[in-house]
Structures are given as C-alpha cells and as structure tokens.
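Participant: Take a look at the letters that make up each chain.
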Amino acid sequence: MSRGNLFLSLLLWLILAIFVIYPLSFLVIESFKIAGTNDVGIQNYIDFFKDTYYLKTFGNTLLLALLVLLTSTAFGLPLAYILARYRLKGKTVLTALILLPIVLPAYAGAFAFMVFFGKQGTLNLLLLELGLVSKPVNFIFGLHGLVFIQALHLLPFIVLSLSAGFTNIDPSLEEAAEVEGAGGFKRFITVTLPLCTPNYLAGAVIVFLWPFTDWLTPMIFGQIDYLPSISYINIAYHFTDMYRKYMGIVSVVVSSVICIGMFLISKRWVESKKYTSLSKGTTLEGRIIEPGPIKRFWSYVYMFLIAVLVLLIPTVLGLSAFSRRWVLTPIPTYWTLDNFRLIFLESPGLLKNSFVFSGVSLLWGVAFGLPAAYLITRTRVRGKEALDFVITLMLAFPGIAVGVSYLLAFWEGIPLATHWIIMPLSLFVRRLPYFLRMAHASYLQLDVSLEEASEISGAGKLKTFMNISLPLLLKGVFVGIVMFFIMAFQEISTAIFLYRGGWETLPIGIFLNWHRGMEFGIAAAMAFFMIVIIFILLLIVSRIGGGIIGAAWGSSGGRY
Amino acid sequence: MAFIKIENLYKRFGNVAAVNHIWLEVNRGEILTLLGPSGCGKTTTLRCIAGLEKPDEGDVIIDGQSMFSQGFIPPSKREIGMVFQNYAVWPHMRVFDNVAYGLKIRKLPKKVIKKKVTETLESLGLTGLEGRFPGQLSGGQQQRVALARALVGNPKVLLLDEPLSNLDAKLREKMRFEIKSLVRRMGITSVYVTHDQAEAMVISDRVSIMNAGDIVQVGTPEEIYKKPANRFVADFIGTTNFIAGEISEVLRERELVSIHTEFGQKMLCKIPDPAMASTNKKVTISIRPEDIEVFKEPREGADNLFKGTIVNRAYLGNFLYLFVSVDHTMVRVQAPYGIKQKEGEELFLFLNPEKCIVLP
Ligand SMILES: Nc1ncnc2c1ncn2[C@@H]1O[C@H](COP(=O)(O)OP(=O)(O)OP(=O)(O)O)[C@@H](O)[C@H]1O
Ligand SMILES: [Mg+2]
Numbered sequence: 001m002s003r004g005n006l007f008l009s010l011l012l013w014l015i016l017a018i019f020v021i022y023p024l025s026f027l028v029i030e031s032f033k034i035a036g037t038n039d040v041g042i043q044n045y046i047d048f049f050k051d052t053y054y055l056k057t058f059g060n061t062l063l064l065a066l067l068v069l070l071t072s073t074a075f076g077l078p079l080a081y082i083l084a085r086y087r088l089k090g091k092t093v094l095t096a097l098i099l100l101p102i103v104l105p106a107y108a109g110a111f112a113f114m115v116f117f118g119k120q121g122t123l124n125l126l127l128l129e130l131g132l133v134s135k136p137v138n139f140i141f142g143l144h145g146l147v148f149i150q151a152l153h154l155l156p157f158i159v160l161s162l163s164a165g166f167t168n169i170d171p172s173l174e175e176a177a178e179v180e181g182a183g184g185f186k187r188f189i190t191v192t193l194p195l196c197t198p199n200y201l202a203g204a205v206i207v208f209l210w211p212f213t214d215w216l217t218p219m220i221f222g223q224i225d226y227l228p229s230i231s232y233i234n235i236a237y238h239f240t241d242m243y244r245k246y247m248g249i250v251s252v253v254v255s256s257v258i259c260i261g262m263f264l265i266s267k268r269w270v271e272s273k274k275y276t277s278l279s280k281g282t283t284l285e286g287r288i289i290e291p292g293p294i295k296r297f298w299s300y301v302y303m304f305l306i307a308v309l310v311l312l313i314p315t316v317l318g319l320s321a322f323s324r325r326w327v328l329t330p331i332p333t334y335w336t337l338d339n340f341r342l343i344f345l346e347s348p349g350l351l352k353n354s355f356v357f358s359g360v361s362l363l364w365g366v367a368f369g370l371p372a373a374y375l376i377t378r379t380r381v382r383g384k385e386a387l388d389f390v391i392t393l394m395l396a397f398p399g400i401a402v403g404v405s406y407l408l409a410f411w412e413g414i415p416l417a418t419h420w421i422i423m424p425l426s427l428f429v430r431r432l433p434y435f436l437r438m439a440h441a442s443y444l445q446l447d448v449s450l451e452e453a454s455e456i457s458g459a460g461k462l463k464t465f466m467n468i469s470l471p472l473l474l475k476g477v478f479v480g481i482v483m484f485f486i487m488a489f490q491e492i493s494t495a496i497f498l499y500r501g502g503w504e505t506l507p508i509g510i511f512l513n514w515h516r517g518m519e520f521g522i523a524a525a526m527a528f529f530m531i532v533i534i535f536i537l538l539l540i541v542s543r544i545g546g547g548i549i550g551a552a553w554g555s556s557g558g559r560y
Numbered sequence: 001m002a003f004i005k006i007e008n009l010y011k012r013f014g015n016v017a018a019v020n021h022i023w024l025e026v027n028r029g030e031i032l033t034l035l036g037p038s039g040c041g042k043t044t045t046l047r048c049i050a051g052l053e054k055p056d057e058g059d060v061i062i063d064g065q066s067m068f069s070q071g072f073i074p075p076s077k078r079e080i081g082m083v084f085q086n087y088a089v090w091p092h093m094r095v096f097d098n099v100a101y102g103l104k105i106r107k108l109p110k111k112v113i114k115k116k117v118t119e120t121l122e123s124l125g126l127t128g129l130e131g132r133f134p135g136q137l138s139g140g141q142q143q144r145v146a147l148a149r150a151l152v153g154n155p156k157v158l159l160l161d162e163p164l165s166n167l168d169a170k171l172r173e174k175m176r177f178e179i180k181s182l183v184r185r186m187g188i189t190s191v192y193v194t195h196d197q198a199e200a201m202v203i204s205d206r207v208s209i210m211n212a213g214d215i216v217q218v219g220t221p222e223e224i225y226k227k228p229a230n231r232f233v234a235d236f237i238g239t240t241n242f243i244a245g246e247i248s249e250v251l252r253e254r255e256l257v258s259i260h261t262e263f264g265q266k267m268l269c270k271i272p273d274p275a276m277a278s279t280n281k282k283v284t285i286s287i288r289p290e291d292i293e294v295f296k297e298p299r300e301g302a303d304n305l306f307k308g309t310i311v312n313r314a315y316l317g318n319f320l321y322l323f324v325s326v327d328h329t330m331v332r333v334q335a336p337y338g339i340k341q342k343e344g345e346e347l348f349l350f351l352n353p354e355k356c357i358v359l360p
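Residue numbers (my numbering), protein chains in the order written: chain A, 1 to 560; chain B, 1 to 360.
Don't read these hints as lab results, they were simulated from the structure.
All values reported here derive from a predicted model rather than from experimental measurement.
The beta carbon of each residue, even a glycine, is placed where N, CA and C say it ideally should be.
Where hints are given, some of them may not hold.
[Unchecked claim] Label pairs and their in silico Cβ distance ranges:
(1) B:E173 - A:D447: 28 to 36 Å
(2) B:D59 - A:L444: 43 to 51 Å
(3) A:D447 - B:D59: 42 to 50 Å
(4) A:I294 - B:T118: 43 to 51 Å
(5) A:S449 - B:L171: 48 to 56 Å
Start from the sequences and build out the full structure, keeping to the hints where you can.
Facilitator: Written out as structure tokens, the structure reads:
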C-alpha cells in the first residue's frame, strides 16, 4: 500500500466526513431531539407513529409505491421483451423515446400531463367537443393519476433492467428447456423469467423507492398526504411550529431508512442470486428473433403508444411555452415569445445560476470521482470497500434528506448555508455516486496490463494515469460528465431547501412560477427550455457514448 | 440400420455455408462423432438435428419421421436429449428439479419422476446432491447434471456438443469412458460433437470428419487413422509427415508405386486406389512419425532408406522425438529411447513402403 494512495484515501474520507456523514448524522440526531428541551429520546417517533394522520401518510406512500411498481412492471415486461428479443425496424428510435423519461425531470412530465389530461385539459376538451363525454373525466387527479405519471416516469428502469436480463440470459439455457419439451410460454415462465429476477429487482427497487422521495409530483397533482410531500410542507412552511417541524424531520428520516434499507436488502439479494454462467460469450446477440406479422404489428402499436405518451411531455410544454393564456381550448390560440422574453431578459440570473452551480458541482464531482474510482478499482488501500459503500449509499438517499440535513447542519455549527457555495455543494453530494459509477465502469473495462506496461517502461503512477489511463478512460469519463451535468441541472429536491433570494436555479424558477399559480406559461417555457438543453446534451453523449440508450442507461440509479 | 438420416442438409449464415449439402447416416444405437476444426459446422449440424436451427435446404429424418420437409417439428416434440457445451444447467433450479424438468413437462406421476431422477443421479454418481443449486457444484458435477438431464427421459437420440471441453484434462479423460459406457448400456443413438481427435477416437463407433461445411470422410476410428481419405484427414488425425512428389512408375505386381520426391530421391509406396495410380501424377505421401524406423548405418540395396541430420532431439519419456532434415525436408520421427545420436549427427530413416500412404 503506497503512501500516496493512503493519503488520497484519507482526503476522500475527510470530504465524505464533512459533507456527507456529518450533515446526515446531524439530521438523525435532530430527529431524536425533544422540542423545547435539551433532551433526546424517541418521543418524536412515538408521536409520528401514534398520529393517525402521519400513519395514513405512511400507508398512502407504501400503497403508491406498490401500485407504481405493479403498473410499471405490467407495462414494462412486454416492452422489455420486445426490445430484447424482436428484430424490428426503427426499434432504436422508439426505444430512445420510450427511455427518455429517465433523463427528464419528473416535474416536467407532471406539468405536461396536468395540461393535457387535466379537468380542463386538452383531452377532456376534445372529448367534450366530440360529445363523447358529457362532463370532464378525472384522468389524473388522485391516486390513479399519480400512479400513472410515476409509472411512466419509472418505466425505463423496469424496461432497461428486464431487457438486460432477457438479453444476457445464455441462449443455451432456454434451448435446453426447449429440448426438454417446454415450448413457448411454458419455457418463458419456468426458465426465462426466473433467470431475470436479479436484473428485475435491481430496477424494481429504484421504482419502489421513488414515491418515498418524490415530493413534488404529488403536490403538482394537489395531493400532500405522502411522506416526502408532507415533509417538504412541514419543513419549508411550518419550520416554526415545533411539532410539525419534528414530524417533518421524522418523515424524512423514516423515508431515508426505508430507502436505504430496501436498497441494501435488494443489493444483497441481487448479489447472492447473481447467476454466473459458464458461457463463453455466446450471448452477444442473445436470442433476437424475427417476429411474425401479428406480433410485429402489436409490438409496433404498443411501443408507439408509449412513445406518444412520452412525446406529449415536450410537445405540451412547447405549446405552453410559445403561447399565453392557454385555457379552455384544446390547443393554444395566442402565440407569443413573451415567456422566453421574460426568462432571458427579466430573470437571466436563473440560467446563470443553473449553469454556474451545476458546473461547479461537476468540477468537484470529477475531482472526487476520478481518484475515488482509481482507489476502488486499482488499489488495495484499506477501507476502500467502505468508501465504495458509503458513496453507493448516496444513490438511495432521498434528495429531500440531503436538502434538509444541509439546512440543519450548515446553519449554525459550520455556517456554510449563508454562502452560495452551499448550492453547488449540495448538488455535488447529491450526485456523488454518479460520476464515480461511470468512471468505475470505464476503469473496469481498462485492462490493467496496459497501465502496468507503462509503469514497467519507467513512468510513475501519476504519469501513467495522465498518459495511459486518462486518454483511454476519456470516453466513459466524458459521458459521466455530461450525465452528471444533466442530473445536476434539473435537481430540485436539495436546492429547494437551501436557496435564498438571488440563488434561484431554473428548476426552482419553474417551481416558483407554478407555485404562485398564475404564471404557468413561464414555468412551462422554463421546463421546455430545460428539456431542450437536456436534449442537446444527450445528443452529445450519444454521439460519443454510442447510442442514446447506452447514454440513458448510464444514468440509472441516481435519480431520487 | 440408419436411425438418423441427414439428407442434403444445407445451412447458410449470411454468405457462409456453415453446412454445405451434407449426407450422413447414424445407425441405431451407435455413437457417431462429428469431428473437425473450429467453425467447420459441427454445432450447426447438431443444432439442425435438434431443431434449434432450421436448415435452408435438406431434411433430417429421425426414426423414419421427417423433421423439416413435412412441417417443422419443434425441438420440444423431438424426444431428444442434449448436452450443451456450457452444460446449460438452470442456475435457479436445484439439481433434482433440473433433472426432473422434462419429466414434469411430460406430466409423469410424481412417484415415477422421483424414481427415475434418483436412479439417473445414482448412475452418474450424483446421489446426495439433489438439493444443491448448480452454483454449489463443481464444473464436473454440473456436467454430470447436464448429462443426467439429457438421459433421464430415455430419449430417442442423444446429442452432445463438446460436453467435455470445459473440464480439466484428467477429468475429461475419465468422462470419455464414462459417457461411452453409459450411453452404450442404454443403447441410445448418439451424435457427439468434438474437435478433440483423441476424444473422438475413444468415444465413437464411427467418426465423421468435417471441414468447412463438408463431410470429408466417415469411418471407424481405425479406418480414419489408417486410411485417411485425403491430406486434410491425415493431418487432422494424429501427426504425420507430408512429402510431396510425382508418381514415376507403377509396379503393379508388387502393388507399389515409385515416386520421385521433393528431396530428389525415389521412394516406394503402397499402391493407392486405381484412379490415382498413374504415372506423372502429383501426389502427397503421408507417413506417421511412429511408422518411421531409425538406423545408425546404411544398408546395402534397401529401399526407402534415407540419410538425414538430426536438427532437434526431444525427450518425451517413453520415446524420443526427432526432427530430421532429409535434404532440407523436415521429417518428424518417433524413435526408441535407445538412439544415441545427438543434434547435428547423421542417421538413416527407413520409411516402410507398406506404411506410406499416397494421397491426392
Ligand atoms: N448464429 C450464427 N450466425 C452467423 N454465423 C454463424 C452462426 N452460427 C454459426 N455461424 C458460422 O457458421 C460456421 C459454422 O459454425 P459452427 O458453430 O457450426 O462451427 P463448429 O464446427 O461447431 O465450431 P466450434 O468447434 O468452434 O464450435 C462458422 O463459420 C460460424 O461462424
Ligand atoms: Mg461448436
């Protein structure tokens, strides 16, 4: 173990200690404080679980999580099968569309669907006009709407994980079943599906945990009786009401514990079940088959419908962005660039803040992620597993938990929260595992012997890294950079607790404009603008990283 | 009696004919090996028999029933057992369930299944492992599970695709004999794919040699070794020396031909089939290293005795392996341990005409 590595490792641990472990433990300790006294105890938790309202909230969240998982699985399973097994023309484009929600912020979808499916929305107006219904149908307000929008948003995780499973199954395992007499459906049920469970679980846990972290979507749909939403409301609006404040903090901790717990359990389970096969890489193409005309037809219809739903998001936001006073008509009647004028001329600070904060956090993310990936993959430095573990755990932490803990921890003891640096800092911590995972994956693909050869030729560790590793890692690193930026750019959960006047970012601008009620056009224009930026960045990644799908997949896991 | 008939089978991948219009018969109860270098179409042929691949032309007939030309019969309806190269043991099922799978599909009574599976596992030395998952088994044990699964249903045909190639050398040798005796005992018609010629020799009743999608020769292991049909077979089976030359004289009464060789000397060889036994014909002589005798001194008037220089001498335990240069043609010789000559020294090689095979 070299001294350099040890020093590096200590440095990374120090950063983790100050910016991750300290604030998060602060949050936990705070949750045990008893209001108005200096005592600590479990009173807050007792109150929480005794209060029928919070219990109901807890139950609602659990129910929502289950329904979202069920729905996305039901819709994702056939889609994953089609993607993995059928040879269809235009599949790549349709796939890219279907997977798009993975990089779009959830609130963009929520806004768009409210406009399209709402009581006064485009669809209802059209149906009324056609005389198909006599009064507006409630498509989305309520539990079913939440399930619908969240399932669509999370569909990519199920599709990607399952189709990876379907693709990676060694074909001979299915052929063996065929030879043994199990044709078609029987084979699918007894062999194919069970072999996909580890893959499925990896995606399913992300989906299941989402409702425990997404506070904004329920609020957009006028619902607050879900754990993350009520946490937000209690902490953001009722910070002076001690009871509500502590219930909010307890909700955050409860959500976090559930997220971390489920994440760890599923991780353990997936690892123990990972079926290693003896196959000698015969699975490159998996079992791609030519579907018959009927299957082909329905596959297209199915993919098309989902792609249309996804496309609704940018379309509706685009229509709102270029119009004003779009109410009570199926499509806008008054076209204008006013919204954009307002954004660019009257509040350019939003854009500047977004770019600066995301950029700074990105710099830190790379500065932290590259050495961390190096330590974890290439050295035997003590405690590297723990390092990896702590960083990976950040994947499961709800954004709201990071936000609240920063608010609490960096207010008095270390008064960082009074400086704008807190904004990129929280983004950096929130997306910590992001870049690391990308660098990690590229590192794993880089043959050690290439580096060893350089060292044998006389280059030191740092020289080797600069001359050999970095150029070879560049592609993966670049994809990681862009994905990190996209995610930081749309982040709202942490920022919403920490921003002060003048620090607003684009997502906060969207939120505020919507929240104040009347400026929906501006909010939509901002969301549209954000989607355009994401699109451009995605295009760049896909040019470099080979395919939008691959690019989007790289982003899995990090989006709570 | 032919139990499996492969008729004019043709399968193309892109522009490559993986299997090029082959004809082949497998007799009832015999073990036939498909042997050939990598990529020659063995697996493709086997998969056509299984129905995992549909040929572009031709047919496979199993027990008098056409598999392709009168409507495609899917693998699940063919009553075959198959052992895959990577075993394809289902990792999510216990050993018992893996083996019982096909029987369950056929809806046999539970008791019968239990009995059959137990018996089969016992015959393969797997008793006691029923409850384990494949991940808890060694490679050799997984291989046996795959074999048990293929055999338990008493299939009409057993197909094996390089079943031993993932095992270590010792185990591989042992399993050859085990598979052979087991399959013999059960009397199942088997097609065995391998690219290991030693394995093919041990295991098969007949060997079918393939090259680039064609069947080059079919015969018993002995026939193939002693009477290779062409240069490819001679080279592929065992080691041999090739000497190029041209027939200068046909000595019918002695059943020999005289050949003018590349190293400028005359050589007598056993007469080949009539089509080839004509003067001025360019041929290749094949003689195996173990068929060459070594002498220290020349002998007056002896045929096929050539002087050479030892270029390389290797000690292989039970014999010596010599590379001898005969007028710049390198000849490999398997010599008895007693030869004392060192590298650079001369000796005489006797290439017994009876053992010299003339190939086109
Ligand atoms: N699914 C496929 N797609 C395209 N080409 C294929 C496919 N399967 C086989 N081939 C080609 O057909 C030829 C014969 O392949 P096959 O697998 O039958 O060879 P093999 O004799 O079994 O070789 P090996 O000993 O390496 O297993 C090869 O050239 C191979 O590349
Ligand atoms: Mg093969």
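Participant: Within 43 to 51 Å: is that where the Cβ-Cβ distance between I294 (chain A) and T118 (chain B) falls?
Facilitator: Cβ of I294 (chain A) to Cβ of T118 (chain B): about 44 Å, so the range 43 to 51 Å holds.
Participant: Hint says 43 to 51 Å; check whether the CB-CB distance for D59 (chain B) and L444 (chain A) agrees.
Facilitator: holds (48 Å)
Participant: Return holds or violated for the Cβ distance of S449 (chain A) and L171 (chain B) against the range 48 to 56 Å.
Facilitator: Between S449 (chain A) and L171 (chain B), where Cβ atoms are some 30 Å apart, the hint is violated.
Participant: The hint says 42 to 50 Å between D447 (chain A) and D59 (chain B); measuring C-beta to C-beta, is that right?
Facilitator: Since the Cβ atoms of D447 (chain A) and D59 (chain B) sit about 48 Å apart, the hinted range of 42 to 50 Å holds.
Participant: Does the Cβ pair E173 (chain B), D447 (chain A) satisfy 28 to 36 Å?
Facilitator: With a Cβ separation near 34 Å, E173 (chain B) and D447 (chain A) satisfy 28 to 36 Å, so the hint holds.
In this structure, only the earlier hint numbered 5 is contradicted, and the remaining ones agree with it.
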